[in-house]
Structures are given as structure tokens and as C-alpha cells.
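Colleague: One letter stands for each residue in the lines below.
There are 2 protein chains.
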Amino acid sequence: MTFGELARWERGSERVLVSTKILDLRSVRFRNPAKEIEKDFVVIHAPDWVNVVALTPGNHLVLVRQFRFGANAFSLEIPGGMIEKGEDPVTAGTRELLEETGFGGGVASLIGSVQPNPAIQDNRCHFVLVDGAVPTGPLHWDSDEEIETSTAPVADVLAWARSGKITHSLTIAALTFLEGIRRI
Amino acid sequence: MTFGELARWERGSERVLVSTKILDLRSVRFRNPAKEIEKDFVVIHAPDWVNVVALTPGNHLVLVRQFRFGANAFSLEIPGGMIEKGEDPVTAGTRELLEETGFGGGVASLIGSVQPNPAIQDNRCHFVLVDGAVPTGPLHWDSDEEIETSTAPVADVLAWARSGKITHSLTIAALTFLEGIRRI
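Quick note, the sequences are listed as chains A and B, same order. Under my numbering, the first residue of the first sequence is numbered 1396, with each subsequent residue one higher. Under my numbering, the first residue of the second sequence is numbered 1396, with each subsequent residue one higher.
So here's chain A without its partners, still in its complex pose:
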């Protein structure tokens, strides 16, 4: 494989089309010097996200089930959320895990990062492993959150992904990184 022949587009000025609490929609001017063309592209600007692979001492994965407004349906996922300004992914991941599920403790580490959608989004999603998580504290849900927590063997979760019971692409990608560090 040879890299480097493709022309790089240069990012120019941008304007915010809509600003919301969770993301901005922007129109960004790009210029291709090789082709001598300029065009506007839509870019979703959002803070980085974190998703948490929390394993219990019995090697079960901590899952959350909640209503998701985009899909207009319930969704079974691993815990996660937006990383706040100044937070590193591990701090954000352990915070989200505790707030959403009450699970904490164990050893937390960053096991991978992805781009949810490099074509139209500028942010990354980080995957944090919390190894040895146990129920430790009270829940702190946002006002419109209502979350059901459960645990299941990782192999079952992978089977659920392949059979359509788990459909969240970031949860499925997180399993790939977990497989990279231990056999499921």
C-alpha cells in the first residue's frame, strides 16, 4: 500500500449553522489546491465522547438500557457520555460509569479511540476499560435520564451484537478493542 498521492484539502473559514447543547452544525470551506476548487462541507462539531467497558470481578460486562431519542427506541449499550472540558478520557469514563450505573472501583485505563464518523464529525470516542468494577455508590442521572443497569458475560454481549440485540456501533467497536487485550 502506498500513501501520499492524494491531494490534501485545506480547511478554511467556517460558520455555525446551528448551535445546540450537544453539538454544533457547521459549514466549513475547504480548498483543494491540486484541483483548484473550493467547496463548503457540513461538519458536526461535538466534544469527544467516552464509552466504558466495565468488567466485574466475575468477568461480566456492565450494560445500560435506556430510551434513545435519535432512534426513538430503547437501546442496550455500554455506559458513556460526553467528556467535559478539562477532563481526560479515564476520568470522564469512571465518572460516567458511576453516575449512570453506580459501578466503580477496579483499575481504569484507556484501551482505544475511534472516530464515530470522520466523514461528517470532528470528534473522537475513547474506550475506557474499568477492570474489577463493583456496585459502589448512588446514581446521578440527568433529569431526562432513566437507566436500567445489568451485567452479562462478554461472549453473550458479542452474540447479542451479531444477532441484532445490541445495535449501537460504538458499543460494538468497543468489543473489538476488548478482544484485542483479552480473549472473549
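One thing to keep in mind: the hints can contain errors.
Since copy identity is lost for identical chains, a pair holds within one copy or between any two.
SDA-like mimics (lysine to any residue), calculated; alpha carbons at most 25 Å apart, straight line [stated by the list, open to error]:
{"hint": "1", "residue 1": "Lys1434", "residue 2": "Glu1574"}
{"hint": "2", "residue 1": "Lys1416", "residue 2": "Glu1431"}
{"hint": "3", "residue 1": "Lys1434", "residue 2": "Ser1545"}
{"hint": "4", "residue 1": "Lys1430", "residue 2": "Ser1408"}
{"hint": "5", "residue 1": "Lys1416", "residue 2": "Asp1435"}
{"hint": "6", "residue 1": "Lys1416", "residue 2": "Ile1515"}
{"hint": "7", "residue 1": "Lys1480", "residue 2": "Asn1467"}
{"hint": "8", "residue 1": "Lys1416", "residue 2": "Val1437"}
{"hint": "9", "residue 1": "Lys1430", "residue 2": "Arg1460"}
{"hint": "10", "residue 1": "Lys1434", "residue 2": "Leu1418"}
{"hint": "11", "residue 1": "Lys1416", "residue 2": "Lys1434"}
{"hint": "12", "residue 1": "Lys1560", "residue 2": "Asp1539"}
{"hint": "13", "residue 1": "Lys1560", "residue 2": "His1440"}
{"hint": "14", "residue 1": "Lys1434", "residue 2": "Glu1479"}
{"hint": "15", "residue 1": "Lys1434", "residue 2": "Ile1542"}
The set of hints was computed from the structure by calculation and includes no laboratory data.
Take the given structure of chain A and dock chain B to it, following the hints.
Modeller: Using the frame of chain A, we list chain B on its own:
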């Protein structure tokens, strides 16, 4: 695991905040009958997408590298794109594969579907396997596309995902489905 205790939100009226060629940003009213509250949530409306797991007769995966405007960087991915009105995922996948890479032939089948982001998006991404793909035709890039095609052993691609060389979450999720039907 017990399901069903969580209150379902009811989707109400919506208004389009911004409409673009590839997606609409909408504000959607949801009502929670159990809590007796109503709130507006941001939803990205987009057509379903398709990503193509194309394997050559030598069991190499077909990859594309292109500039991605969201990430403002080059990205190594599997081929894919938007499903057009009236297309089924398999038709759209074989079309995108041929347009972007010139690969065709083989046997095409749907091996899985995910939600790219159920929290804020309403669409799905379908994964189509094209088994036995070979170079067959000329390329048909969109005016702002410039795509470098390559092939690599699937195990290498998985290693690249885990080492950060492949970062596209949907490409990584697609590998999970491929692993579900054959050992990598």
C-alpha cells in the same frame, strides 16, 4: 436481565433546524407520560448508510483511503456511502463498491446492521459482504471524491484498528460481523 420497567417517551412534533444534502438537523418534541414532562431533543435525520466488506478470492479486504472533511484528515476505511431512495442495502453496497473502487463480482449478502448513534441519529448503517470481489470496471467518483484503493489481509486490518491506523468506528464494527461468520 429484566426489560420493560423503563418509561417509553412518545415522539411528538418536530421542526427542521437545518436541512443539508446529507442530513437534516431536527428538534423533536418528546413526552414522558410517566414523568409528565415534555422536552425538545436534537435529532440528526439521515438516510441509511451502507458499508461494504469486500473480500478478494485471496481473502484480502478491499480498503479505501480518502480525505474526510469531518476529521480534516485522511482516513482508511471500507467502501460505503448513502443508500439511495428505493435501493436495498445489497444493491447500494455493490454500487458503492464498484463506483469507489472498481471492484465487483462475487456473491453479495447482508451480514448485519447497526445504529451509528441511537442517542442523536435516526438512521442505520448496513454491512454488506461481497465475497470473491475482483477488479471489474472503471471508477465513478463524485466530483469531490478522490479515493485510493488497496487490499490487505483481514487480520492485518484488525491489527491496524487496534493500533490506531484504522479509526473509523463503522469499519471496526463491520469487522465484528465478519468475525461472526468466519474466523479472521
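Colleague: Each of the hints needs a verdict: does it hold here or not?
Modeller: Status of the hints after comparison with the structure:
Within a single copy, lysine 1434 and glutamate 1574 get their C-alpha atoms no closer than 41 Å, and across copies no closer than 39 Å, so neither meets the 25 Å cut-off. For the identical chains of this complex, lysine 1416 and glutamate 1431 are inter-copy neighbours only, at 23 Å across copies versus 36 Å inside a copy, given an alpha-carbon limit of 25 Å. Within a single copy, lysine 1434 and serine 1545 get their C-alpha atoms no closer than 47 Å, and across copies no closer than 27 Å, so neither meets the 25 Å cut-off. For the identical chains of this complex, lysine 1430 and serine 1408 are intra-copy neighbours only, at 19 Å inside a copy versus 44 Å across copies, given an alpha-carbon limit of 25 Å.
Proximity of lysine 1416 and aspartate 1435 under a CA criterion of 25 Å is satisfied in both settings, with 24 Å inside one chain copy and 11 Å between copies. Proximity of lysine 1416 and isoleucine 1515 under a CA criterion of 25 Å is satisfied in both settings, with 18 Å inside one chain copy and 12 Å between copies. Taking the shortest Cα distances, lysine 1480 and asparagine 1467 sit within 25 Å of each other only across copies (22 Å), while inside one copy they are farther apart (29 Å). In this homomeric assembly, lysine 1416 and valine 1437 come within 25 Å of each other (Cα to Cα) both inside a single copy, at 18 Å, and across copies, at 9 Å.
Taking identical chains as interchangeable, the C-alpha atoms of lysine 1430 and arginine 1460 lie at most 25 Å apart only when they sit on different chains, with a minimum of 18 Å there against 48 Å within one chain. For a Cα distance limit of 25 Å, the shortest separation of lysine 1434 from leucine 1418 qualifies both inside one copy, at 22 Å, and across copies, at 17 Å. Taking the shortest alpha-carbon separations for lysine 1416 and lysine 1434, only the inter-copy value of 13 Å comes in at or below 25 Å, while the best intra-copy value is 27 Å. With identical chains, the CA atoms of lysine 1560 and aspartate 1539 are at most 25 Å apart within one copy only, with a shortest distance of 24 Å there and 37 Å across copies.
Within a single copy, lysine 1560 and histidine 1440 get their C-alpha atoms only as close as 29 Å, which misses the 25 Å cut-off; across copies the closest is 22 Å, which meets it. For a Cα distance limit of 25 Å, the shortest separation of lysine 1434 from glutamate 1479 across copies, 23 Å, qualifies, whereas the shortest one inside one copy, 32 Å, does not. Taking the closest pair of Cα atoms, lysine 1434 and isoleucine 1542 come within 25 Å of each other only across two copies (18 Å); inside a single copy the shortest separation is 43 Å, beyond that limit.
The earlier numbered hints that this structure contradicts are 1, 3.
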